[in-house]
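Student: So you can see what is in the structure, the chains are spelled out below.
There are 2 protein chains.
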Amino acid sequence: MSASLSHSETWSLLLLAGASLAVIANTFQGDGAPLIASSAFSTLAFSMTYAFVRWSGPSFIKAGMKGKDLCKLTPKEIPEAMGAVAASVYILALMAFIPFAFYKDIVAATSGGGNRDVVVTINEVETGRFLHRFPHSKLSSYQSALNTLQATTILGMADDILDLRWRHKFFIPAIASLPLLIVYYVDFGVTSVVVPNFLVPYMPNQTRLINLSFLYYWYMSALSIFAPNSINIFAGINGIEVGQSLVIAALLALNSSLYLVPFPGNPVLSNGYTTHPHPATDSHLLTLYLLLPFLAVSTALYLHNRYPARVFVGDTYCYVAGMTFAVVAILAHFSKTLLLLLIPQIINFIYSTPQLFKIIPCPRHRLPKFNARTGLLEASVTPWPAERPPSKFLAAVFFTLEKLHLLQVTVDPKTNRISSTSNLTIINLWLVWRGPMREDQLTRELLIMQTICGLGGLFVRHTMALFIFSMDNRGKYGHSFPV
Amino acid sequence: MSASLSHSETWSLLLLAGASLAVIANTFQGDGAPLIASSAFSTLAFSMTYAFVRWSGPSFIKAGMKGKDLCKLTPKEIPEAMGAVAASVYILALMAFIPFAFYKDIVAATSGGGNRDVVVTINEVETGRFLHRFPHSKLSSYQSALNTLQATTILGMADDILDLRWRHKFFIPAIASLPLLIVYYVDFGVTSVVVPNFLVPYMPNQTRLINLSFLYYWYMSALSIFAPNSINIFAGINGIEVGQSLVIAALLALNSSLYLVPFPGNPVLSNGYTTHPHPATDSHLLTLYLLLPFLAVSTALYLHNRYPARVFVGDTYCYVAGMTFAVVAILAHFSKTLLLLLIPQIINFIYSTPQLFKIIPCPRHRLPKFNARTGLLEASVTPWPAERPPSKFLAAVFFTLEKLHLLQVTVDPKTNRISSTSNLTIINLWLVWRGPMREDQLTRELLIMQTICGLGGLFVRHTMALFIFSMDNRGKYGHSFPV
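Protein sequence lines, in the order shown, are assigned to chains A and B.
The opening position of the first sequence corresponds to residue 1 in full-length UniProt numbering, with each subsequent residue numbered one higher.
The opening position of the second sequence corresponds to residue 1 in full-length UniProt numbering, with each subsequent residue numbered one higher.
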């Protein structure tokens with residue numbers, strides 16, 4: 001693999017970067033156009049990631065960050081942990097975007113005009129320029145997101161370099177989410193959730209809101225542990241880690257866009273704002289500011305990581321991707337929506353638990369097995385040696401699962417004992433269902449499955465929610481409670 | 001080197017950690033005692049760093065992060081880039097400390113009592129708990145410091161792993177300082193400096209304050225490039241990088257403590273606050289919150305890095321140390337004071353420029369030369385081969401510098417030409433002045449020199465400043481302008 005860009009690549013990227021810079025320069029007008037600036041920064045981030053991943057390949061290999069692609073006829077060593085490059089560019093783009101996200105507020109705070117909703121009187125000896133009128137809590141949320149994503153990157157890099165043990169790794173995201181949760185506590189502190197209709201009659205005073213208090217922090221912490229780890233274990237074939245992250249991020253962005261579309265009969269002003277914007281508009285704008293550059297760097301990384309992969313993405317990418325989802329879900333209060341988009345990950349995690357918790361043996365790698373003769377991938381298996389066969393109970397469970405088409409069980413015809421069972425990942429399960437197939441085909445089918453599950457989840461969320469909850473945060477009764 | 005702690009080490013660290021946790025638990029009373037909590041977190045951070053550096057040594061060596069200690073009789077490979085461990089613990093301590101730093105404000109914002117200075121009316125649809133009364137700008141400063149230090153860590157780790165080129169490395173701190181400068185702009189925007197007395201008559205309208213506007217951002221950016229790089233090039237012998245950082249941090253902490261001591265006649269209240277605290281109290285408290293855990297992790301690292309070194313600290317440590325100083329200087333407005341404490345680093349940088357900018361050749365390493373016969377360090381030299389001698393002009397400069405005792409010049413007696421000159425670092429210059437000495441002796445003398453220079457700088461700053469500037473930010477005329 002060449003480490004330099006081809007002529008056409010160089011010119012395309014330069015063109016994209018130049019156009020982005022021109023757009024960015026033009027957003028400093030009127031109230032600013034943060035969404036346009038965010039798109040332009042994302043395009044710039046795409047170009048940078050695409051080039052940096054290519055250029056830094058040899059340095060990574062020299063530093064020992066490399067791995068063999070086992071699902072190929074002639075496995076060769078390619079750079080590993082390239083997600084760290086994408087994550088760094090992502091963070092840089094988020095930093096550079098800060099003044100653009102708050103340009104309207106800066107203008108309002110300095111010019112003295114507009115934004116009269118935020119009128120503040122502070123007796124302070126040291127009066128900085130904006131101290132008295134700037135919406136610091138919004139900036140604070142943005143900064144906490146940035147802090148959490150940076151902590152995730154640092155811990156992910158430590159994992160990629162030092163190859164930490166599973167029991168240490170698992171809690172990495174919990175540590176990284178500290179700045180987010182602490183600032184959520186200091187800054188926001190909304191810990192109430194809406195009670196489903198069918199439970200309301202059983203609540204004291206028929207309350208429709210219940211305060212979970214510190215339990216809500218456990219829940220958010222659990223979410224930020226689950227999202228990164230669940231992406232990290234739905235992995236092993238070219239393009240699947242970045243592919244699933246792209247699908248989830250795109251669906252989250254779609255969901256947030258729904259809140260920014262003007263309602264019928266609600267006129268759009270000349271500055272692009274509607275007269276009565278949805279109360280959760282700010283939260284969903286913040287979501288887009290975080291997701292657009294993520295989509296951009298992930299797309300650039302995907303182009304290098306898709307079949308046949310020329311780089312691996314590493315744990316850093318999986319952690320940062322999952323944490324990005326957790327961060328937006330927590331800050332914009334749609335954690336249940338996120339869980340609807342993570343259905344394949346949740347199923348994969350539940351399906352994996354017997355191996356993750358060592359109830360049945362777990363080999364170091366559970367990725368599918370490459371059949372050199374056919375060139376196709378087959379489900380990989382856990383062998384059950386004759387001297388250590390599965391217990392009677394386990395064997396019964398295995399045969400039941402096989403009947404339900406949830407496991408591939410091989411029986412040794414001589415001893416009539418189970419000689420192997422397929423590894424418990426949905427990637428292997430997919431191969432059990434659909435038979436051996438090429439690696440790129442497998443990735444494609446799994447990503448289509450992810451997309452269909454996600455669209456279904458969003459449909460359920462926006463149509464059924466009103467039957468279960470009396471309030472929805474989309475629609476004119478919107479209150480942006482954590483739903 | 002054993003990778004496990006001895007019995008006495010284990011028990012000492014556990015005792016320290018236990019005591020810290022007990023103190024931390026006790027600070028949730030009344031207004032809270034953030035400085036005590038900060039000290040306790042720092043003690044905890046010390047224990048963690050001491051243990052983690054020891055434990056992670058073998059993993060670092062296995063990952064290829066190792067280096068040879070060249071100034072020893074039998075150079076052996078020891079773990080490199082261990083500063084990343086110290087930096088990670090430092091950041092973790094800063095994160096965990098957030099609720100304690102703002103405990104008083106959280107109490108004020110939730111109980112409805114106290115702190116009536118900060119009264120704010122905001123018409124917001126979404127009212128989080130504290131949104132209306134919490135001093136977000138303080139939290140915002142703290143978060144931006146954390147963001148900058150995390151970015152510095154990420155870039156430092158990239159440098160340690162990938163061994164970046166000098167021209168790329170140099171600007172790393174500028175990128176890392178982005179979140180700080182952007183938030184400074186959004187949040188504070190004080191860009192005025194006090195004009196020295198002797199220049200006031202020449203100013204328009206005899207103004208005593210001049211607004212540097214965007215130049216002030218260039219200045220802050222330059223400071224955050226200079227501080228980390230200047231520490232990174234004053235390096236090469238056991239303990240010098242961490243040692244100088246400890247001296248500078250201790251002097252900065254001393255300087256900030258001066259602002260927190262009650263004035264005579266200004267009674268201390270029962271809650272530990274004085275009736276008329278210095279207007280810059282908050283800035284200097286923030287400085288201590290950032291410096292105390294830094295001192296703690298650095299001390300733990302120093303114990304492993306001092307002569308004879310069992311670990312190297314790497315670029316990550318030097319960058320994070322320098323950036324910590326730049327961050328506190330910028331946030332608490334004492335950048336000129338910081339420069340007074342960096343006098344040895346400034347001299348070393350100026351003295352190095354001919355080699356840094358390749359005016360005269362610069363070998364890869366400029367650390368002193370180990371003389372295996374005497375066991376002492378001698379000044380290392382740049383050879384001038386007979387076919388490429390220094391120009392006439394350069395030779396004249398060299399001989400002048402030699403007369404001023406600022407260079408060691410060796411002349412080949414046969415050709416009467418310069419055959420070598422000492423490398424341009426003050427570590428080598430010190431050896432030229434004081435003669436060969438043991439490595440630990442050299443580090444000790446340089447650190448004493450750093451301490452004396454720093455104390456002298458602080459003395460000048462607090463006694464002479466009033467002759468040069470009409471306002472001082474220590475004393476009752478304090479205004480905490482950027483002095």
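If you are wondering where the hints come from, they were derived from the structure by calculation, not from laboratory data.
Just so it is clear, the structure is predicted and the values come from calculations on it, not from any experiment.
Each hint should be verified, as a subset may be incorrect.
Identical copies look the same in the list; a pair holds intra-copy or inter-copy alike.
List time: in silico BS3-like cross-link candidates among lysine-lysine, alpha-carbon distance up to 25 Å [unchecked claim]:
no., residue 1, residue 2
1, 66, 336
2, 336, 138
3, 72, 138
4, 68, 369
5, 66, 169
6, 414, 392
7, 138, 403
Student: Which of the numbered hints are not met once you compare them with the structure shown?
Tutor: Of the numbered hints, 1, 3 and 7 do not hold.
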